[in-house]
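Fit chain to chain and form the complex, with the hints in mind.
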Amino acid sequence: MTYEFDFSSLLPYWREFAEGVWLTLQLSAISTVLGFVGGALCAIARADGPPWLQRVVGAYVEVIRNTPLLVQVFLVYFGIAILGIRIDANLAAVLALVVNVVAYTCEIMRAGIQSVHKAQIEAADCLGLTKTQTYWHVVLRPAIERVYPALVSQYVLLMLASSITSQISAEELTAVANRIQSDTFRSFETYIVVGLLYLALSFVVRGAFSVFGMLVFTRRRRLGTPL
Amino acid sequence: MSAVVKLSNVHKSFGALKVLDGVSFEVNRGEVVAVIGQSGSGKSTALRCINALETIEQGSIEVCGHAIHSDKLDKRALRLDVGIVFQSYNLFPHLTAEQNIMLAPTCVRKLGKKEAKDLARECLARVGLAEKADHYPEQLSGGQQQRVAIARSLAMQPKVMLFDEVTSALDPQLTGEVLKVMEDLARGGMTMILVTHEMSFARKVATNVIYMRQGKVWETLPGHQLENPSTPELREFVGSEL
Numbered sequence: 001m002t003y004e005f006d007f008s009s010l011l012p013y014w015r016e017f018a019e020g021v022w023l024t025l026q027l028s029a030i031s032t033v034l035g036f037v038g039g040a041l042c043a044i045a046r047a048d049g050p051p052w053l054q055r056v057v058g059a060y061v062e063v064i065r066n067t068p069l070l071v072q073v074f075l076v077y078f079g080i081a082i083l084g085i086r087i088d089a090n091l092a093a094v095l096a097l098v099v100n101v102v103a104y105t106c107e108i109m110r111a112g113i114q115s116v117h118k119a120q121i122e123a124a125d126c127l128g129l130t131k132t133q134t135y136w137h138v139v140l141r142p143a144i145e146r147v148y149p150a151l152v153s154q155y156v157l158l159m160l161a162s163s164i165t166s167q168i169s170a171e172e173l174t175a176v177a178n179r180i181q182s183d184t185f186r187s188f189e190t191y192i193v194v195g196l197l198y199l200a201l202s203f204v205v206r207g208a209f210s211v212f213g214m215l216v217f218t219r220r221r222r223l224g225t226p227l
Numbered sequence: 001m002s003a004v005v006k007l008s009n010v011h012k013s014f015g016a017l018k019v020l021d022g023v024s025f026e027v028n029r030g031e032v033v034a035v036i037g038q039s040g041s042g043k044s045t046a047l048r049c050i051n052a053l054e055t056i057e058q059g060s061i062e063v064c065g066h067a068i069h070s071d072k073l074d075k076r077a078l079r080l081d082v083g084i085v086f087q088s089y090n091l092f093p094h095l096t097a098e099q100n101i102m103l104a105p106t107c108v109r110k111l112g113k114k115e116a117k118d119l120a121r122e123c124l125a126r127v128g129l130a131e132k133a134d135h136y137p138e139q140l141s142g143g144q145q146q147r148v149a150i151a152r153s154l155a156m157q158p159k160v161m162l163f164d165e166v167t168s169a170l171d172p173q174l175t176g177e178v179l180k181v182m183e184d185l186a187r188g189g190m191t192m193i194l195v196t197h198e199m200s201f202a203r204k205v206a207t208n209v210i211y212m213r214q215g216k217v218w219e220t221l222p223g224h225q226l227e228n229p230s231t232p233e234l235r236e237f238v239g240s241e242l
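Just so you know, the sequences run in chain order A and B.
Numbering-wise, full-length UniProt numbering puts 178 at position 178 of the first sequence, and it's gapless, one number per residue.
Numbering-wise, full-length UniProt numbering puts 59 at position 59 of the second sequence, and it's gapless, one number per residue.
Just chain B, same shape as in the assembly (with noise of 0.2 Å):
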């Protein structure tokens, strides 16, 4: 198997504060890995960093063969292969949900207007949103609008999904939504990286769970193993989220 995602020896700091000390981890193709741990471990700016959104200091990361350490690096082409989601979902205010999903594909891919609009209409089908297509993101709840996002960036046919902590914002019920179209994603053999404080989402779909601490990947684990971690910090992490 491939890696669709390559991290070696990544560094990274913002001022004198290292966020990423040395990370390395691959993806492979149709594998969900979950990168979990406390806040300020530097796993956001480890998923920022795969989509080129931050520059790193040290290291190579390799995306969809595309090496984003590089300074030739072509950010569009990058952005061609790579979806991202973010927790605060980044909706266009002043268009539709429709019109949300069909910007992309019409500027970036040169759909026509009625392709465009078939696609929008599959996208937010998949994420069982169909009846809202006309709907303004103020209109829909926040789970909705999350949901409404993962449409978005599907429609530009990503080889690989990022997620945020994107139901970090939401609710109980609102998250369980959210998930349950990343489940289907999951399911779907899209290739799948996502940052969570959901555990039981992680055991239950994440081929790999990756654990950060102080900007080190601390412990990796099958997602199914969770419950058994080799490191005592992973042990007392696990406790106190579930």
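The following block holds chain A by itself, in its conformation from the complex (with noise of 0.2 Å):
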């Protein structure tokens, strides 16, 4: 058996790659902003909100880190088209990326925030900050520089996963090779371009993030150990 690989027959879509390319990046970028934010949040609702509201943001964590993504795309996506809301493709497939990213975050986050030890809360509480003063710079700082390498990788992955959302036809990277390769009839060659592009959007994301790590965290940068 012999295949003739023909990429020529792909090179009159570089336009529509390339805005695949973009939207996937948009999407991941609204996405883990959104994510971390509401994860952060979620996280300190779990470590040290009221009991009521630690349980229900543990089963919502458990419900998320215990479904298909897949299945989550398409229950919100059908889901608010139910409510009877008209949004695009493309919103439909960032709300359900942060609802799942969230949960994923909201774990990572709880574990940087647990392992501040009790001490530090109590030397911020002993030289007067209050509360939120506490928690943004004794336990949020050193939590999130611990974790980073952690939440890099969900984000990474968040990014990957994002071309699940081809399936409510958000018109990112995957969505346009499928409809690449249904009209040239190239497959292998399509997804063979696909995936070294999204290991290229890998690479640019993992530097991206190593580069804002480096400007965040300082103590990092200088001593170069871990927290």
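Everything labelled a hint here was simulated from the structure, so no lab data went into it.
Hints may be right or wrong, so weigh each one.
Listed below are the simulated EDC-like cross-link pairs for lysine to aspartate or glutamate, each with C-alpha atoms no more than 20 Å apart in a straight line [stated by the list, open to error]:
(1) A:131 x B:81
(2) A:118 x B:227
(3) A:118 x A:189
(4) A:131 x B:74
(5) A:118 x B:165
(6) A:131 x B:71
(7) B:75 x A:122
(8) A:118 x B:71
(9) A:131 x B:54
(10) B:114 x B:134
Here are some chain B residues pointing at chain A (derived, C-beta under 8 Å) [to be verified]:
(11) 73
(12) 79
(13) 86
(14) 88
(15) 92
(16) 94
(17) 110
(18) 156
Even for Gly, the Cβ is constructed at its ideal location relative to N, Cα and C.
So this is what it looks like as structure tokens:
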């Protein structure tokens, strides 16, 4: 069996590929930011909130972490439609990804928060800091620094998992590829290109996080040691 | 002289364990009081009660006019008047020495960054660590970390400073450098209460020494008379320490 590769028939579609890459990046970036903020708040609620809230957040996290992303995407997409709200597929995709990544971020951040020793909080308290000030300066900042590598993995994973939203016709990279391969009948070549594009995206995203980490975590930049 | 810290008949238990059993003592302005005793005698708990880190079941504690035992206690106002230094330093690991010191003055006293930085430098100089301002805790020795912790507390300009076995985790040389800083503070007129095992320091620097035993104040005596206790228990304790 011989297979003749033909990448040239994909060349006319370079603009579509580029648009797919761009949308994937946008979906991932928005979901990452919202997911981080939401996840951090959930982590605070789960670590230090009132008991009822801890249970609610805990239940949400367990449901999300024990069901497939694809199913969550469909539930969000059709759920919103049933509520009678019309939103476009890209927005639905972001919502579904946020719902998903908030749960994972919550667990990672919770581990970070719980790694901060009680004595640190006591010391801040004794210096007269308010609860909020203590939380921000003494708990969250070192917690984030400590779990940053785990968060980065999660957000790279999120970027890759965003391909699933092609199922609700969000116009991201995989959806673009699906269309191109049905136009050209060059499925294998199309997915090779898409695979390489995702690989490149992963490197870019990791690189961006690495630079961001260097900028934000002064201690790590100067000492090079984990906190 | 007015009492800055006054404990009256303080009782405190952890479950069935009676830790403080009717403790009373006073500390006046400018005095240095060393609290000594075996482990488990309640001395650290007494210190923590003074800063409202533990609640008490009975009795009263007044610190700089704050009624610690009261339901209406304003803890934050109390903490502006009282500084505490812990055995385990508890520096914030993600901040430099200088940032550790600047945090509370900027957050609590609302100093500007420039003012806070100057204050931090000044406090670091007082503990002999001016050149370590940009070092992170993990780059400092235990003794240096403890001195930064003292400087951090000093920056809030407390009226009373509490020291909870601050040299217990340090070797003799590092202990010496921390005690030197504390001695300077005492000479500067700071009101200090220290829980310590450093008998020679207590003898040299303390106005009064309080010997605690079984949750009670067993004996109180001036620091310079530490070698001549009146109770056989303290005599034995001092003898075993020296």
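inquiry  = Of all the hints numbered above, which does this structure not satisfy? Sort the numbers upward.
reply    = Hint check: 2, 3, 8, 11, 17 fail, others pass.
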